[in-house]
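Number of protein chains: 2
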Amino acid sequence: MTEIPSDLTPVLDQVDRALDDSLSRLFGLLRIPSVSTRPEHAGDCRAAAQWLCQELEGIGFSARLCETPGHPVVVAHDRTPPQGPHVLFYGHYDVQPVDPLNLWHSDPFEPTMVTRDDGARQIVARGASDDKGQVMTFIEALRAIRATHGTMPVRISLVIEGEEESGGPNLVPFLTAHRDELAADIGLICDTGMLGATPAITTALRGMVGEEVTLKCATRDLHSGIYGNAARNPIELLCTILSSVRDRESGRVTLPGFYDGVREPAPELRQRWREIAPDDATFLGEVGLSHPAGETGYTAIEQTWCRPSFEINGICGGYTGEGFKTVLPAMASAKVSFRLVAGQDPVRVRESFCSHVRAALPADCTVEFTPHGGSGACVVADDATGLRPALAALGAEWGMPAVTIGCGGSIPVAADMRNILGMSALLIGFAHDDDRAHSPDEKYDLVSFHKGIRSWVRILHAFAAA
Amino acid sequence: MTEIPSDLTPVLDQVDRALDDSLSRLFGLLRIPSVSTRPEHAGDCRAAAQWLCQELEGIGFSARLCETPGHPVVVAHDRTPPQGPHVLFYGHYDVQPVDPLNLWHSDPFEPTMVTRDDGARQIVARGASDDKGQVMTFIEALRAIRATHGTMPVRISLVIEGEEESGGPNLVPFLTAHRDELAADIGLICDTGMLGATPAITTALRGMVGEEVTLKCATRDLHSGIYGNAARNPIELLCTILSSVRDRESGRVTLPGFYDGVREPAPELRQRWREIAPDDATFLGEVGLSHPAGETGYTAIEQTWCRPSFEINGICGGYTGEGFKTVLPAMASAKVSFRLVAGQDPVRVRESFCSHVRAALPADCTVEFTPHGGSGACVVADDATGLRPALAALGAEWGMPAVTIGCGGSIPVAADMRNILGMSALLIGFAHDDDRAHSPDEKYDLVSFHKGIRSWVRILHAFAAA
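Protein sequences appear in the order of chains A and B. Counting in the UniProt record's numbering, the first sequence tops out at residue 466, every number present. Counting in the UniProt record's numbering, the second sequence tops out at residue 466, every number present.
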């Protein structure tokens, strides 16, 4: 345990006193529909970046908007404290699209405070959890520290990007170009969750390869009565090819070389996860399921924390409106993704998938590929800088020991920070699996927001004292 | 050969003289967007029915709109001629949806006359060929006869419905309820095509079973990083189930009992079709393909004229917009259809498909089915009433012998006329395979329209003389 600095209590009191103001600032950010994947929201993405710049300047940081070929990146610094490690905080201001809009119970961009039957309060809006709510826990922590002490406990830089949800290609060149400016001792990434009610630092993250595949057969849509059977149906072909990517019996991905370099999780790690993580019934029960799909021989948690996966994220072809249309379409397309673990190369996985599709094409059919992001997995060592003080600080705030966990999601910037900026990144966040990130009615618990702010105050002071 | 009545020539001359007026009336009907499958076009469907009523009354028929639970049916009669057989003409005034609208080169509901490089003129609009253009060949023939002779050569009734493209359930009860009123000697259905440049009567029609299948897994859309692999993906499940409906090697449908009652086409029929019908390269080449898909051992024409088929007409699930979204959706759906030949029971085929889907469902997954139409195949005997006079009349108009052919499409009313009204129906039409029925830029050749009108004049007089 690190020593708790004596100047911590007044900051935590300030956080508690200012909570309503912190919330109203978060609501302001949530009202900006910064959907990065939709071109019509480019102006909203810029507005969210500008909003963050102003907030950071307002609490004494030097902040600026950095242009990229896509959405701008917010960079801010307070490098005045002479002592302690220099931390680089990462978050993103962009959000997922909101469709299907009809399944939302309130306007996704008009944040609402909902009180559950058990009295728990939740902030409902697109981005409430992923990632605006989480980003604001850090900024509000900085504000409380500034208001109380006037100075930061350690040197702090922030990078808040706007293309995390769109797999935008611009962050890597940006980090590379600003390598010297952004170099620090500890990376902090706030885009992950807790383990139920237990505070957690994510130390194993999967990578991801996203790919869009479009199959084309005839030169135009055909009448299925006149041409059906005899003319190749691209939907059926797509179904056949996509269903061949997974072995029905073992649930394993069939692509050649897909598991090359993938190691089995260590028995002691599996044992620890079985102790701390929810069992299959609990994990799947939250979303109405009871039986794990996917690879046999692994629990649901193992499958999502340390095994690679294949998912079809979207499929479209032919007539999908109301009623029926006896069309034999000219094309069909799907968006698929692979989650990668340590040892897998995103470039090779993408090539293996594309080769598999090409090899399965019969005569008269063509394929077009559109890549959507690619990143390797990232694992943080047990002795990474700042990991122990951060775990201790989290434990103190939440009243129980913090744990290290894996995460099925992909946060490419963790690998980027290591590969480009040469530092390990601690993934600390306060989200929950039931936050409905990427889904209708996305929410963030008020407790996550409040204690998240307090957690950062403790963590930053712990770094200063370490 | 039947004797050509001496009063035929002045009627044909009248058709030629009035062609521009006939065209402008057709354009008027084409401008009504009577898309039966879309509820917002219900008023347009009624408007098209009313338009037809007025036209038929204008040429001396007693015409009326008959209400159904769906779109109204137009019924008209001129039963004054005492002599000859009584014919019942069938057509439909509804049209297919127009999407994808961006692939049309002109407004689908603003008919345009296009002149091809070779000088051929084509009427471009939704419904130009299927079926408004064809229906108007018959009505304009009646108009020319009335203008020339004042009386019809035979008793004529018309039924023009508005739910052919939507698989509406209302025609069968309607025909049943009006059985006595609609009883006639010869059915005429104008919703088929020629064989290239050769006039043809379709004597083998496939039936159809349409079904919509929706699979549901989790209770909400999930983040594919957090739940992927472990939670069942309904898109992947749908792909697997749909691709299992056809055997990859033989191309045959795998549903138990699917081929029960299906007879091989007679060797002499196959031989005749090989002589008159386009070969695979020609048939498929028109739409940019060269290799037949589907069942091995059959030509493309055999597959579409006399073999049952399975098609996926539409599929939809997950995120299908621009960019990428790492969603694991809660549901996915597809519209599929089976074309049936003589001997297959639509009820059994539907049950077999639904059972196949249900049997393939893993735990935690549910399925919902929405039926879309079902009808058996229909074959017209060589000695059916009116077949020989009609073939002779067509041959005289087009200057070459008319042939009998099969058709891959499904026109349930042919079986309905037989089963409910007790008469064989002759399927006579002037469409072409390249008319882009159900596709963008649907067209009808001006020659089809003009000589189609003349053909009906000859056929009706041939019936009178037979």
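These are computed hints drawn from the structure, not numbers from a lab. The model shown is predicted, which means the values in this text are computed figures rather than measured ones. Errors might be hidden in some of the hints.
So the derived list for chain A, only partly shown, Cβ under 10 Å to chain B, looks like this [unchecked claim]:
1) Glu181
2) Ala359
3) Pro362
In silico DMTMM-like pairs for lysine to aspartate or glutamate, Cα to Cα no more than 20 Å straight-line [said to hold, decoys possible]:
4) Lys216/A with Asp7/B
5) Lys216/B with Asp364/A
6) Lys216/B with Asp382/B
7) Lys216/A with Asp364/B
8) Lys216/B with Asp99/A
9) Lys216/A with Asp99/A
10) Lys216/B with Glu368/A
11) Lys216/A with Asp21/A
12) Lys216/B with Asp345/B
13) Lys216/A with Glu368/B
In this text, a Cβ means the ideal position worked out from N, Cα and C, and glycines have one as well.
Taking the hints in turn, this is what the structure says about them:
1. With its C-beta approaching chain B no nearer than about 29 Å, glutamate 181/A sits outside the 10 Å limit, and its interface hint is violated.
2. The beta carbon of alanine 359/A is not positioned within 10 Å of any beta carbon in chain B (closest approach about 14 Å), and the interface hint is therefore violated.
3. Among the interface hints, the one on proline 362/A holds; its C-beta lies about 7 Å from the nearest C-beta in chain B, closer than the 10 Å criterion.
4. Distance check on the hinted pair: lysine 216/A and aspartate 7/B sit about 54 Å apart at the alpha-carbon level, beyond 20 Å; violated.
5. Proposed proximity of lysine 216/B and aspartate 364/A is contradicted: the alpha carbons are some 34 Å apart, above 20 Å.
6. Taking the CA atoms of lysine 216/B and aspartate 382/B, the gap is about 49 Å. The hint is violated against a cut of 20 Å.
7. Proposed proximity of lysine 216/A and aspartate 364/B is contradicted: the alpha carbons are some 34 Å apart, above 20 Å.
8. Between lysine 216/B and aspartate 99/A, the direct Cα distance comes to roughly 18 Å. Compliance with the 20 Å bound is thereby established for this hinted pair.
9. As the CA atoms of lysine 216/A and aspartate 99/A are separated by approximately 27 Å, the hinted pair breaks the 20 Å bound.
10. Taking the CA atoms of lysine 216/B and glutamate 368/A, the gap is near 29 Å; set against the 20 Å cutoff, the hint is violated.
11. Among the hinted pairs, lysine 216/A with aspartate 21/A is inconsistent with the structure: their alpha-carbon atoms are about 55 Å apart, more than 20 Å.
12. Distance restraint check for lysine 216/B and aspartate 345/B: the Cα-Cα separation of roughly 29 Å exceeds the 20 Å cut-off, and the hinted pair is therefore not satisfied.
13. Simply put, lysine 216/A and glutamate 368/B have alpha-carbon atoms about 29 Å apart, too far for the 20 Å limit, and the pair is violated.
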